[in-house]
Every structure is written in structure tokens, then in C-alpha cells.
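Those protein sequence lines, which keep their order, are chains P and G.
Going by my numbering, the residue at position 103 of the first sequence is 103; the numbering climbs one at a time, nothing skipped.
Going by my numbering, the residue at position 198 of the second sequence is 198; the numbering climbs one at a time, nothing skipped.
Just so you know, not all the hints are guaranteed correct.
From the derived model, a few chain P residues whose C-beta atoms are all more than 12 Å from chain G [stated by the list, open to error]:
1) D83
2) F100
3) P200
4) E205
Short, incomplete list of chain P residues facing chain G, as computed with Cβ under 10 Å [said to hold, decoys possible]:
5) M80
6) S227
7) F285
8) D286
9) T326
10) V327
A few chain G positions that, by computed beta-carbon distances, are all more than 12 Å from chain P [claimed, not checked]:
11) P68
12) R91
13) T164
14) L174
15) D186
16) R244
17) E248
18) M255
19) K323
20) E335
21) G368
22) A500
Keep in mind that the hints were calculated from the coordinates and are not lab data.
Glycine included, C-beta positions come from ideal geometry on N, C-alpha and C.
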Amino acid sequence: MSDEPRLALAHERLEALRRQIQQRIVGHHDLVNSILACLLSSGHALLEGVPGLGKTLLVKTLSDALHLEFARIQFTPDLMPADIIGTQMVSQDDEGRRHFQFQQGPVFTQLLLADEINRATPKTQSALLEAMEEKRVTVGRTGHALQEPFMVLATQNPIEMEGTYPLPEAQLDRFLLKLNATYPSAGELSQIVDRTTGAPMPAVEPVLNAGELLELRELVRSVVIASHVKDYAIRMVLATHAGNAEATPMARRYVRHGASPRGLLAIVLTAKALALFAGRINVSFDDLAAAAPPALRHRILLNFEGEAEGIDVEDLIAEVIRETPTVHGDERA
Amino acid sequence: MSQAASAPSLWIGSSRPARERLSKAVAALTRARRLQVLVDHGFAGLLAGLGLATFAVLVARLVPLPYPPWQLGVAAVIIAVALALLVGWKRRPDALDVTIRADLTLNLKQRLSTAWEFMTVHDDDELAERLAVQAVKAGLPAHTGLVFPFQVNRWGRLAPLAATALLLVSVVDLNWMQAPAPHAVDEQVVSEGQRLGAFGRAMQERARRNQLPRSARQAAELERLGARMESGALTRGEALGQLRGMSESLDKERMQALAEANQTDIGPLGESSPIAPDLDPGAMLERLQRGALDSADTRALAEHLADLERSGIPRRDLEDALKRHLSGDNEGLREMLEKLAQIDRARKEGKELDSAREQVRRSRENLGESPGGTDGERDLAFNIEWDEDGDRSAKDAANEGADGSRRSEKALGAARSGSQGDSSLAHDRQHAPVGPDSGQSGPVLKPESRAREGEVFVTQARVRPRSGRPSVENVAMSSEFASQVEEVLSKEQYPAHYKAFVRRYFLNLSQGRVPQQQSIDKRGAQ
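Let's have the full structure, built from the sequences with the hints guiding it.
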């Protein structure tokens, strides 16, 4: 790259990506921002929301805006692991000899949409574990590496629990962020009607290829975090642990298991991406506070009392952010 | 930071001034923060000092202390503020902490603190440079006051309340706080209080008229003490305690007044005598400054050259100053008159304070305190048991020789020792055998004598009743005895009523009821 400021270029590319997505997606600015942060942080995202909010459309639009291989798996109860990762097939060569040959499943892609992931059985869901964490799959005794970049965007419906299999905690922890799709506002609904019931929607053009995306990921990791800012993130995570001195009152009372170290990594990585979006090469307290809800909401397990009282994890995280002082030993600034 | 060092370089180019600008900005912020810490500590110290001062003034007004309340209050405030400032001075703010605060205040998104940390802690110069440029571009504070403004903190906001409390404690009548006197009102204390109060008021009037600040202050104290005594709130012991404190205060003020005049290098002062009765240096100085000094004034000065020389003004200097005045140069005379005015004022102060001290001393005596002064002395002086048979020291004195005058001198010496509170004698007296009636209490006598004109001194002595014949016979005194008694009495410093009592006692002895016996009655020794 020339003398052109790389950060400014990255900022420009990301803006272009946003513009492409917004051609098709109305609203959901925070959701789009979080998905892009997840994309740049080399993580996977779990989108939760009631049907019809545009989750699947968002992921498809993202895939269109990126020069990446895209695959979609519609999770159903009868979906088998082999349907995801592939299977050994008997094939015959020109000389008539037969042998097993690995037939790659849809997981061998760069952007994978796991639609309604909670409808598959845990056995099938767990087929994604190795792929998500290690970016490889093992079939028989042979391991197969996945392409880079690789990202799983899963969706799930929180209200239809009949015939669903809630994701196990280990699987949930593999997702860097859990994002909530919310209802659009009146103005946004009006725009949605105009765009979808009138002329055909404009085509989304790819603006970022795999190489550029990998470079952006490196750039995210080059964003620095000062020790006192890192300390703030650590104290936020510790504040979710019921037995810790930093724990907030709600955490002490309602939390069974607080956020894991992977949660801390998720906060910091996402905050770095958010800092890059803002044109900074350092992480701020605000970046961490913004990254905390999507990074922690699926990593905090409520105890029986919390479940019984219907405690919302969002409230608990809000309290953690509110009560954790930015500077240790000082009041919240 | 390894992750940053191995990461691709960001766009920001290298420019040395960014780091220098950042360093300067952080240094300025640190100075501002340090000043703010000092101010904060100053306010905290002020609040603490005012609190302490309030307490000190309250205590000083309720309990007699050797220092005036305002001095205690001022000292408490000064000490507390000085200590707080010292603590604040030692608490040097950390530069990183300063940058963190600046980030939060200016919403710099931790650019400043991150840049500072990487500049000072980490070794990656390139990254530090990039962060410094980013911080500088984000905008360094133009004025440190934006980040660390001078503001009244919560301690400072509470200080007016504490000051109000101090003011109230200083001016509000606190008599209601003092427990009602459980003792019967001592009429003598009340009477002395009336006298002292009247004297204090008159002294205040004089001090105001003559512009004598020390005397005015002490007169106000004296009037206040008189009022308390007059109110009956003080027991005799308490009144004596306060009077002793008053005496010490008067002495101190008087010495200071005289010492101040001595600093003018004009020689030693007479304590309270006026420079000259018809000479008013202050008025003369005023007339000189107005240009109205006339020949009568210069003549008066010339006439009192001798008096002035005794006061420390060299005759030659004054003559010279007068000559120069006549020739039109007033400078020398002005200096002389200023010195004289200062001396005159100090002497007036000394005189007033001396007079007040005398009044206090009389009150102490009238309330039963011996000239010795201390409680122990007073107790000993006023609890003499005048027994006939039990005083071992008197008996020894009587047995040591036959010479009448020597014996009488010894006896007088013993009596003097008793009256002045000789503890060993008192101890012997308390433990000496007292004869067959030991332990019985006798009638109480109340001899009265005029201590000085207009004052009545009342004292008490317990005399043990005589039982049977004395073990030691009286002897007839020689005709010279009376003159010897007078001679001895004239050499001793007794209160007047003691002197009369002792004289009467010995003169009665000299009549010699049992002339054939040559021993001295041991009562004389007492």
C-alpha cells in the first residue's frame, strides 16, 4: 500500500461496506456495526430475534457485499452432522478402482449462515464446534482446514421453543457476540415497505475481498489498549462473578456462572474493532462499554433465584457497566 | 507491546514535535493537578482547623486556660492548614493518573493516557510516536484549568459553616452550658468580683482614653472574671485559680509592654514611673507633625532634660535635637518624640497593668491566699493548728538555750516558716503529739485585721484548748523584747494582719504571767 494512510483507507472500505448493506437493510445500525466488528475480530455471531426482522436478509446482504464464498444451512431436526461437514463417498477412478473420497459439506466456505441453529439436534449443532473454534474439521482420521476468513453467522428464534434444542453453553461460548435483532421503528417500517413492495431492490456490489478483510483483521489486532483500559475490562468481567469482590449487587445475588476469560477476549477484540471504526488506534473505555453487552449476554448464567425472578441479563450487564469504575479506586467518571 | 510492534504500520508519519508537545502538555497538566491537590488539601485543612479552633475556643471559654481563646483558635487554624498543605505537597500526582483524568474530562477517548503510557513505559518508539501524533491531533487542552480548575471543593463549601460555628462559639454567652454551681454562694468571692468588675470597667475606660491596647484587653478580661465571680458561679478555689491565671497574664503583658519600649535602644526603663508629670510626648509629637509645636513645648523639654535622661534619652542628643529644631530641622526632634511617646505609652501600660495586678493580688489575699501563692502554701498557711503542747520544733527551740532574744528570733523564724507554708514544719506539726486533748476540735477563732485601707481580711485558726498546767512555764521578757519584735517584724514580709497578730501575740507573751520561769512558750514558736 502506498503512503495513503492505512487507517483512513480501512475506514473508507468499511463505510463502503456499510453503504452497500444499507441499500438493502433498513435500520439495524447497531446490529450491522456489531456484525462488522465481529467480522473484523475473527469471531462468529449469533443473531437472535423473532421471525421477520431481517436476520437472514442481513447475512445474505453481507455475503453479497463481500467477495467471499457463502453457504447457507437451514437447520432442521433431521439435519445430520455429515450434512454440515461432509462425508466419505465411494468413488471409482478411471481404472475401475474404488476408494473413499471426502465430499466437503457446506461448512467449507468463508461465510456460513446457520439459519435457525437451535432447530437441529445437539449432535448436529456440535458438529460446528471444531469448525468454529479451530477453523478445521476432522473426518475419520483426516483433518481438513477451512478457508480463511471463516465466519459463522447463526440465527435463532427465541419464542418458538417447541421442537428446538437450545444451544449448550460450550457452543454458545464459541460465538464471539450474541446480537439481538430488534423491531424497527415506524420510520424504518415505512422505508421497508417502500423498498420491498416497489421496484426491485438495488443490487449489492462486493466491496471487500478476502485479502483486504484479512488485512483489516490484522489492523484490528494492531490497535493498542493501555493497561488502565485493560484493567477496566478485567474488572467488568470480574464484576459478573458472584463470589468476586468486584461483583455488583445483582451479580452477587442472581449469577451462577459469570463470564469466562473468552468473554474478556471477546470484549477487548470487539472494542478494538469499534476503535478502528472510530478512526482510533487505541481502545477507549467507551469502546469496552459498548462491546460488553453483546460479548457477555450469552456468557452469564443466572442461578435459580435469577431465573425464578425473571432477571434480565441485559439489566445485569447494564449494572456492571454502570457500577464498574473506569479508574480503579475512583468513582465512575 | 509486541502485538503492535509486529503489526502493520498505521498511516501516521513520524514527527518529533508531537512527543515533545505531548510531554509539555502532560507536564503542565501535572503542575495544575498538583496545585489543585494543594488547594483541595488547603480547604480540608481550613475546615479541620476551623473545627479544631471552634473546639479550642469552646474549651478555653469553659475551662480557664493560660492562653486567650482567639490565640488558640488562630493557632489551630494555622497549624491545620499548614499540615494539610504539607501533606498535599508530599502527594505528588502521577502523570499517568493526570492523563487519565484529562482523557475523561476532555472526552479524548483515552488517546492521551494511552500515548503517555506507551511513551513512558513501553519501548516501541514508533508506536509511541504514532499514539502521540494521534493524541496531539485529538486536541491537547489549551488551558490546564479546563481539566483541573480551581474550584471550591466540598471541604471548602463546608468551611463557612465551620467559621460560623467558630464565630458563634466566640460570641455566644456560654454560661448556660456550665453546670449550675452546686456550692453555696461565697459572699467574699461575690464581693471581690464586684470590686474587680468595677475596677476592670474603669481600667477599660482609661485604656481606651489613653489608647493602651494591652491594658484594654486585660481590663476586659478582668471585668469578665469579675462578672463571673459576682455571678456566684465560681467557688473560692476556682476564683483563686482564675485570679492566679489573671496575675500571670498581667505580669506577662506588663513585661512585654516594657520590653517593647526597651527595643528602642534608649536604655533601661523605670517600671511604671512617668517620664515627667507635665510632659505629654504624644501630644507634642502630634503638634510637631502639625507644625504647631510652640516654644512652651521646647521649653518644657529643656526643663525636663534630666528626667528624660533618666528615661534613656541622652541629654546631648535631645539638646542637639532642640537646637536643630530651632534652626528649622525637625527630624531629630521628631525621632526623639516618637521614642518618648513609645516609652510613655509603655510606661502607662505598665502602670495600668501594675495597678490591675495589685488589685488581683489584693483579691487573692482577701480570698484567703497567702503571698506564697500556691494551693499547697495557702492550705498550709490557713490550716495552722495552734496547739499548746504538741509542736516539737518549738519545744526543741525552747530547750536549746536560755538566751531570750535568740529564742525569740528562732520562734519568729518558725512562725514565719509556718505562715509561708514550710512543708516540713507543717508535716512535723501534723504528726507531732498533741497532748491529752489530741483529736478534739476546739473553738474557731476569727481574728480580723485591716490588711490595708479599705480592705478587711478574714482568716481562721483553730486553737486547741489548754488542758491542765502547761508543761513549759512562761518567762518574763526583757524590756528590749518589744523593740526586738518590731525589728524582726520589719524585716519580714508578712501580710499586715499577720504582722499585727504576731506582734500582739509576742507582746502578750512579754507580760510574763509566770515570771520566775525562763522558758519560752512554744506557742510563740508557732
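Can you name, in rising order, the numbers of the hints this structure does not satisfy?
-> Those not satisfied come down to hint 5.
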